[in-house]
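From first to last, the protein sequence lines are chains A and B. Just so we're aligned, residue 1 is where the first sequence starts under my numbering, counting upward by one. Just so we're aligned, residue 1001 is where the second sequence starts under my numbering, counting upward by one.
Careful, some of the hints might be misleading.
To be verified - Here are some, though not all, of the chain B residues that point toward chain A, as calculated from beta-carbon distances under 8 Å:
| # | residue |
| --- | --- |
| 1 | N1081 |
| 2 | F1095 |
| 3 | Y1106 |
| 4 | G1107 |
| 5 | M1110 |
| 6 | D1266 |
| 7 | A1323 |
| 8 | S1342 |
By construction, these hints were calculated from the structure, which means they are not laboratory data. Even for Gly, the Cβ is constructed at its ideal location relative to N, Cα and C.
The chain contents come next:
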Amino acid sequence: MTHDDALAIAARTRANVVNPLRGRSRPDAFDYSRRWSLRTVFALGCVFLYAPIVVLIVFSFNDSRRGGNVIWKGFTTKYYAKAFANEELMLAFANSLTIALVSTVFAVLLGTLTAVLLWRFRFPFKPLVEGLVTLPIVIPEICLGVALAIFFTRMGWMDTGGLAWPLNLSNITIAHITFSFPFAALVIRTRLQSFNVETEEAARDLGASEWRVFFDILLPHMRPGLVAAALLSFTLSLDDFVITFFTSGPNTVTFPVKIYSMVRFSVTPEINAASTVLIAITLVLTWAALRYQRTWKE
Amino acid sequence: MKEPLAADDPILSIRNVSKRFGAVSALENVSLDVQAGEIFALLGPSGCGKSTLLRIVAGFESPTSGELLLDGRDLVRLPPNKRPINMVFQSYAVFPHMSVARNVGYGLQMERVNKHEITVRVDEALEQVRLGGLGERMPDQLSGGQRQRVALARALVKRPRLLLLDEPLSALDAKLRDAMRLELVDLQSRTGVTFVIVTHDQGEAMALADRIAVLEGGRLRQIGSPQALYHRPVDAFVADFIGTVHAFGVTRVERIDDALLRVQADGLGDLVLPGSLPPGAFEGGRAAPGFKVVVRPERIGVVLEPPGDAGRVVVTGTLGDIAFQGQHSIAEIRLASGRSISAVIGGDEAAAFAAHPIGQPVYAHWAVEHLALLPERAG
Chain A
1 MTHDDALAIA ARTRANVVNP LRGRSRPDAF DYSRRWSLRT VFALGCVFLY
51 APIVVLIVFS FNDSRRGGNV IWKGFTTKYY AKAFANEELM LAFANSLTIA
101 LVSTVFAVLL GTLTAVLLWR FRFPFKPLVE GLVTLPIVIP EICLGVALAI
151 FFTRMGWMDT GGLAWPLNLS NITIAHITFS FPFAALVIRT RLQSFNVETE
201 EAARDLGASE WRVFFDILLP HMRPGLVAAA LLSFTLSLDD FVITFFTSGP
251 NTVTFPVKIY SMVRFSVTPE INAASTVLIA ITLVLTWAAL RYQRTWKE
Chain B
1001 MKEPLAADDP ILSIRNVSKR FGAVSALENV SLDVQAGEIF ALLGPSGCGK
1051 STLLRIVAGF ESPTSGELLL DGRDLVRLPP NKRPINMVFQ SYAVFPHMSV
1101 ARNVGYGLQM ERVNKHEITV RVDEALEQVR LGGLGERMPD QLSGGQRQRV
1151 ALARALVKRP RLLLLDEPLS ALDAKLRDAM RLELVDLQSR TGVTFVIVTH
1201 DQGEAMALAD RIAVLEGGRL RQIGSPQALY HRPVDAFVAD FIGTVHAFGV
1251 TRVERIDDAL LRVQADGLGD LVLPGSLPPG AFEGGRAAPG FKVVVRPERI
1301 GVVLEPPGDA GRVVVTGTLG DIAFQGQHSI AEIRLASGRS ISAVIGGDEA
1351 AAFAAHPIGQ PVYAHWAVEH LALLPERAG
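Start from the sequences, fold in the hints, and give me the full structure.
In structure tokens, the structure reads:
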């Protein structure tokens, strides 16, 4: 403390300045749950968000062939059996999982490299590159779908039905990587913002080469971001309809596209059942990822 | 075979180092030597270039020009991971995903030291910083002070030629800071490693360092022991940075003989000071602009009656506030010119003055030899 500070404090004490911390604070203004209006809004929000999903799941057990989502006719699991016995549906499902897995691996890989590039280095036209990377996120999906369809047609890559698995899915997979890697890059880059650059310098100081720094220090820090990016890419790919619709051929149908074609005739409980399975898979994956992140943190 | 180093050969030699970031000059022509086994402090206000200099020594920045020698060998071309120098970062930079033992062992692992030796040396280093038995803890289970010890152990376990510490005490609370200060000095004498410390806190530098380099605006102002900087500052900036001084503008300087000067200072009148004329102070009977006479508050006495003894500078004023500091108090004296100066007075005196009202006429006085004629900025 300098002499000036000490004297200023002495002057304040002498002037008997009132302590601003004195007096009791008012009741908490942020106590939302006590207000009925806010409770109502909250309840309505929940209803609009979750009621459709609950209806979907409940009516997947409805024992009714037609108008399956209107009148409850009794409990059955036969539509699950029917869905699993539907070979076309199962093939579409397998296709979706394959595409999702492969595109996730590539999206996270590309996303990591992009994020590190944008975070770490300075280079000419960097803002332009940043803009281009995020472009697939803001471009309407329908435009990206049409663009990719034209691209693959010109390349002669559209009719992949004759190729062996999983190459027959290559064009859809590439399309999925295109739109999901910017999301992965964004998530990983956000994670990198919280990186303490001094830890990197400390590792260098202790004798680590740049590669060792990347694998020993940077990668472990990015890990939660990588998991989140993978989860995001996987679910984006699994339920993508628009872009897939434009790039899939007659023999390379994915799950959402197949469901769409089934819905065009009628919404049967079979579709409910298949959708419920998809929801279950997504939930299990999310749970696993969260659990993994928590154990890693401990 | 290597020639044994002479006793006064510096371990680190910084020669004419300059650093520019674009148009901004962070360091200008800084030269200094660090001797083996000492605690050397780089002291200055924020933005003075001290951290840049430390980062140049560590290898995270390269100098725009100048030389860097460690044990007489060129250092500039070596990347940070090849320098026998380790650093304790301001944020400690403990690796959050590694246990304490793995943190400390990381540097040895990079040297490909065998596993058994790593275990032994890590335990030894942890004992040294009094963290024995905490090797399995994760960093988020440690306090700030403990994390700093991990960073210290992690650097010292490599047995570096030089240990760099960036603001080592700034993040600790007051009590811990005093304890850590003693411990750093102790650690230095036990390990014999040369410490280079960056700090903006003059008290910290004075208490820790054998020698201090004061930097300001990218320039080296003065190097010396804490005593030398306190008693013989080269300019008013150093005098005010190391402790506190009250400066008075000088209008006339005259040389009486080799040991005496006649000085006319604002608010102090005509004075005869012991001392010789500083270079540049004399311009045809007038003081060059930018010269000051300075006095430290701890040299100033305050009395109610005019002090009779000759050879003392006396100024009249009125009593202002008195700030109680424990062992001593700081009294404010308002001078006729409108400015205030402070004086450090004893507890008994303070108690006596407390009985007098603010505005009580008083006399501030000090021995004439405690007044120093200094340029505002040397060099």
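Are G1107/B and chain A close enough, Cβ to Cβ, to be under 8 Å, as the hint says? Given a least distance of 4 Å, the restraint on G1107/B holds.
Does Y1106/B meet its interface restraint, that is, does its C-beta lie within less than 8 Å of any C-beta in chain A? Given a least distance of 5 Å, the restraint on Y1106/B holds.
Is the interface hint for N1081/B satisfied, with its Cβ closer than 8 Å to some Cβ of chain A? Holds: closest Cβ of chain A sits about 5 Å from N1081/B, inside 8 Å.
Answer holds if the nearest beta-carbon of chain A is closer than 8 Å to that of D1266/B; otherwise answer violated. Since the shortest Cβ distance to chain A is 20 Å, the answer is violated.
Does M1110/B hold up as a contact with chain A if the rule is Cβ-Cβ below 8 Å? With a minimum Cβ separation of about 4 Å from chain A (threshold 8 Å), the hint on M1110/B holds.
Evaluation of the interface hint that places F1095/B against chain A, nearest CB under 8 Å: F1095/B check passes; min Cβ-Cβ to chain A is 6 Å, inside 8 Å.
For the hint on S1342/B, does the least C-beta distance to chain A fall short of 8 Å? Holds, about 4 Å.
The hint names A1323/B as touching chain A; please verify it with the least Cβ-Cβ distance against 8 Å. At about 4 Å, which falls below the 8 Å cut-off, the nearest Cβ of chain A leaves the hint on A1323/B intact, so it holds.
Consistency with the previously given hints fails for number 6 only.
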